Each structure stands twice: as C-alpha cells, then as structure tokens.
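*Asks:* These are the residues of each chain, in order.
There are 2 protein chains.
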Amino acid sequence: MKRKAVVLLSGGLDSAVTLFFARSSGYDCSALAVDYGQRHRVELESAAKIAGAAGASLKVMKLGIDWGGSSLLDKNSRIPLGRSANRIRRGGIPSTYVPGRNTVFLSVAASFAEAIGAGDIFIGAHTEDSSGYPDCRPGYLKAFGEVIRSGTKAGLEGRLRLRSPLVGLDKSGIIKLGHRLGVPFKDTWSCYSGGRAPCGKCDSCVLRAKGFAGAGLADPSLGKTKKAQGYA
Amino acid sequence: MKRKAVVLLSGGLDSAVTLFFARSSGYDCSALAVDYGQRHRVELESAAKIAGAAGASLKVMKLGIDWGGSSLLDKNSRIPLGRSANRIRRGGIPSTYVPGRNTVFLSVAASFAEAIGAGDIFIGAHTEDSSGYPDCRPGYLKAFGEVIRSGTKAGLEGRLRLRSPLVGLDKSGIIKLGHRLGVPFKDTWSCYSGGRAPCGKCDSCVLRAKGFAGAGLADPSLGKTKKAQGYA
Chain S
909 MKRKAVVLLS
919 GGLDSAVTLF
929 FARSSGYDCS
939 ALAVDYGQRH
949 RVELESAAKI
959 AGAAGASLKV
969 MKLGIDWGGS
979 SLLDKNSRIP
989 LGRSANRIRR
999 GGIPSTYVPG
1009 RNTVFLSVAA
1019 SFAEAIGAGD
1029 IFIGAHTEDS
1039 SGYPDCRPGY
1049 LKAFGEVIRS
1059 GTKAGLEGRL
1069 RLRSPLVGLD
1079 KSGIIKLGHR
1089 LGVPFKDTWS
1099 CYSGGRAPCG
1109 KCDSCVLRAK
1119 GFAGAGLADP
1129 SLGKTKKAQG
1139 YA
Chain V
909 MKRKAVVLLS
919 GGLDSAVTLF
929 FARSSGYDCS
939 ALAVDYGQRH
949 RVELESAAKI
959 AGAAGASLKV
969 MKLGIDWGGS
979 SLLDKNSRIP
989 LGRSANRIRR
999 GGIPSTYVPG
1009 RNTVFLSVAA
1019 SFAEAIGAGD
1029 IFIGAHTEDS
1039 SGYPDCRPGY
1049 LKAFGEVIRS
1059 GTKAGLEGRL
1069 RLRSPLVGLD
1079 KSGIIKLGHR
1089 LGVPFKDTWS
1099 CYSGGRAPCG
1109 KCDSCVLRAK
1119 GFAGAGLADP
1129 SLGKTKKAQG
1139 YA
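Sequence order for the protein chains is S and V.
Residue 941 in this note's numbering sits at position 33 of the first sequence, with consecutive numbering throughout.
Residue 1140 in this note's numbering sits at position 232 of the second sequence, with consecutive numbering throughout.
Bear in mind the hints are in silico, worked out from the structure with no lab data behind them.
Please read all numbers here as calculations on a predicted model, not as lab measurements.
Do not rely on the hints blindly, as some may be mistaken.
No copy labels: a pair is met if it fits in one copy or bridges any two.
Once the Cα atoms are required to be at most 27 Å apart in a straight line, the calculated DSS-like pairs of lysine-lysine come out as [what the hints assert, rightly or not]:
no.: 1; residue 1: K1084; residue 2: K970
no.: 2; residue 1: K1118; residue 2: K1061
no.: 3; residue 1: K1109; residue 2: K1061
no.: 4; residue 1: K1084; residue 2: K1061
no.: 5; residue 1: K1050; residue 2: K1061
Take the sequences, apply the hints, and build the full model.
*Replies:* Now the structure itself:
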C-alpha cells in the first residue's frame, strides 16, 4: 500500500510541481486547497485541473479569513505591479503578503493529514518567494516542523512530518523540475490580479515569466488571450 | 492608548480566565472564537456572554474542518465518560483530541492579530490539559511562538508574541485566579457532550468539578437543571 501524503495545492505553479514530485516519489496524494477569499479565486479551478491530472483527490476547505491585512484579499486595494518596486515599498515584504497565510494552511494540512492518516505534508515554499514572504523561509519551515512534531499525536509518535522539496530551488529550477515530471503548466495559475487572464504585470506574473525564460522554456499558459500575449 | 491583544475564547472556563487576565493586565482585548463544527456549539453562546462581560469585542470565525478524526466532531461517536478510563483507552491522548486544533486556532489568531495590529496573542492552554493534549504542552507552545517570530511580518519585527499565562496552573489554580478576577463562571461552558445542560460525566465536566472542589468554591453553573445537579 502506498504511503499517504497531503499536498497543499493552490493551483499555482509551485504547488503543482510539488504535487507531481510527491506523486513521483510514490505517495498516494490528497491535495488540499483553501478558499480563503483570495481575489484570484480562479486559481481554485486550476487546482481542480491539476489534481485531476495528477490522479489526486482534492479537498477545498473554506476559511473565513475576512479581516484583510493584504492587497490579495481586499478588492479595493491595488495589487502592486512589478517585482522590485513592490519590494521597496514594503521594506522587503510585499503588500500581497497575507498575514500568517502559510501558517494557517499548514495548520489545516496538519489537522487533515492526522485525520486521514497521512504521514507527510508537502508544501511548495521556496527560496525566491522566501525573499519576500517570511512564511516561506527555511527557518520558518523548520519551526513549523517542530510544531507538528510536538503538537500532534501523529507527530509525537514520529508518524507525521513536513516536507518542502522546492525550498532550495529558484523559479527556473522549479519549472525545469516540473517539466521533467510532466506538470501541465498550461493549467496552473499564477496571476494575483483577479482577472480571467494573467495580467502580466503583477509580482507573480513577472516572476513566472522570468522563471520560464531562465529555464529556456515557453509558458504554455500564454497566448490564451490577447492581453496575456504581451506578458512574456 | 491601550495595547491590543487577541484572546482565543472558546466559551470554556480556561479561556474566560485568560480573557479576564489579559484585560486586568491592561490590554484592549479582541476575543476570537472558532466555529469548527464542534458538537458542543453551545459554547459559542457562552463565548458571547463572556466577551460581553469582559467588555471585549468578539469575532467568531467559521472553519470548515469536516474531516473528523475526533469524537468531539463526530456526532455518531461516543464522548468518553470519566477521565482516567478515557486516558487509558487512547494511550494517554483522549479521543476528544481534535487533530491540530490549537495549531489551527493559533494560526488563525496570529493572522487576525497581525491584521488588526495586536501585539499579543493569549491562549488558555495549561498543565492539566497538557497531560492529555499534545497541543497544550509547554514545548509545543514554545515551538508555536517560534513560528510566529519567524513566519509573520509582525513577529519578525518583534511586534507579536504568544502568551499562555495559565500554562503552569492546574484547574483549581485557574478557578482561584478567575474568582479573584471576577470571571462570571456561571456563563462558562465546559461539557463536551453537546447537550443543553452539562452531562457531568465527560472528561471536561469531571475535570471542572474536581477543579471547583480543589479551589473550595461552588460551581455557579450547576443547579441550572436537575441533570446537572448530580454532577459535582
């Protein structure tokens, strides 16, 4: 019998690669997506497609985070455009930072994993994001691993651990890995702006374009619309 | 201006004492309760009364934890009766243990605290519960403190910390403290069984009765119904 894993799946590129990585490592994967009122809820449709392509079950958990604190939640706030300007504006942490987001996601994943008897939790946090979001950094992930080890029954018994296989990779490295694993990039969603086509200008779109360029690959999600074509 | 704090409030005795403790320490308190499908949802009514008595705002967050894994969530499962039998049955961890519950609650509290600019998060975890629930133990609370310090913007900037003032107290000590602080014990709810009156037999009812007896105080929540009268 295959070992069970819970994989946090946002519908974005990183979590899709993580899911395919876990599958290729021989896990029976349960993907977990969170509907937390993100303006780019279209990513949840991507999550469904990606889980389907990976042969994983998908659970979408609704979470009433309605206290704002992030441009990613507030439809009246502007998503910052361009990566560097954005970083400077917020002293290194983008305004799209959602307070405690990965902590909430990992907590829910730990609860879910323990309830279904999964032994591993996978998250697609990585180096390039971690320069902006504190809850993607290796030190943070280590601290959360300790929360799982000390604060869950399964963790105390050595049956539950946290894995972040992308943590040392940059976007190009992640895209190359995903390419080898057959990730359907066309179905992944990165844009933060909340439209039906990628804006090509937000932090996440810019990083994605840079990643594909660095990997020497074309982004198959482009060319869907006129607007998107201008974005690579 | 008073410093802001987020206080996790279940409607039970421990979190009520914690809220009154935070208030007496001079904080402007925002209480946070979580509706996670617990069978004893009546505790949320208690949370509203207690927050009102403490002059705190109350936010109830709905959380779709529907994956079970605990007798506290599953209406078809039996809540274990009597403290010791229960502990033996599950190798030291009661079946009422909800996978990762405090981790989920603390995550949500950290996100909420950061969004509203609170500098402290209070949780009523303590020694006697920690003998049964891993996510009440001091080592766990320390690990979660590190998650807040490393994984939130406010934590990184030294503006957010976790406090568990009851951690070294037993139930009698907590009740004595609450008595001094004027906690309206009659409005607190401890029973896990999901009825409209305390069952007097579940783990939580037994521990409460023992605590009042040890403190040499009468439990003002008793005597409401005939059934409850038999429970001290």
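*Asks:* Are the hints correct? Go through all of them and say.
*Replies:* Each hint tested on the structure:
Within a single copy, K1084 and K970 get their C-alpha atoms no closer than 32 Å, and across copies no closer than 39 Å, so neither meets the 27 Å cut-off. For the homomeric pair K1118 and K1061, the shortest alpha-carbon distance between copies (26 Å) is at most 27 Å, but the shortest distance inside one copy (42 Å) is not. For the homomeric pair K1109 and K1061, the shortest alpha-carbon distance between copies (24 Å) is at most 27 Å, but the shortest distance inside one copy (44 Å) is not. Proximity of K1084 and K1061 under a CA criterion of 27 Å is satisfied in neither setting, with 37 Å inside one chain copy and 31 Å between copies.
Taking identical chains as interchangeable, the C-alpha atoms of K1050 and K1061 lie at most 27 Å apart whether they share a chain (18 Å) or sit on different chains (17 Å).
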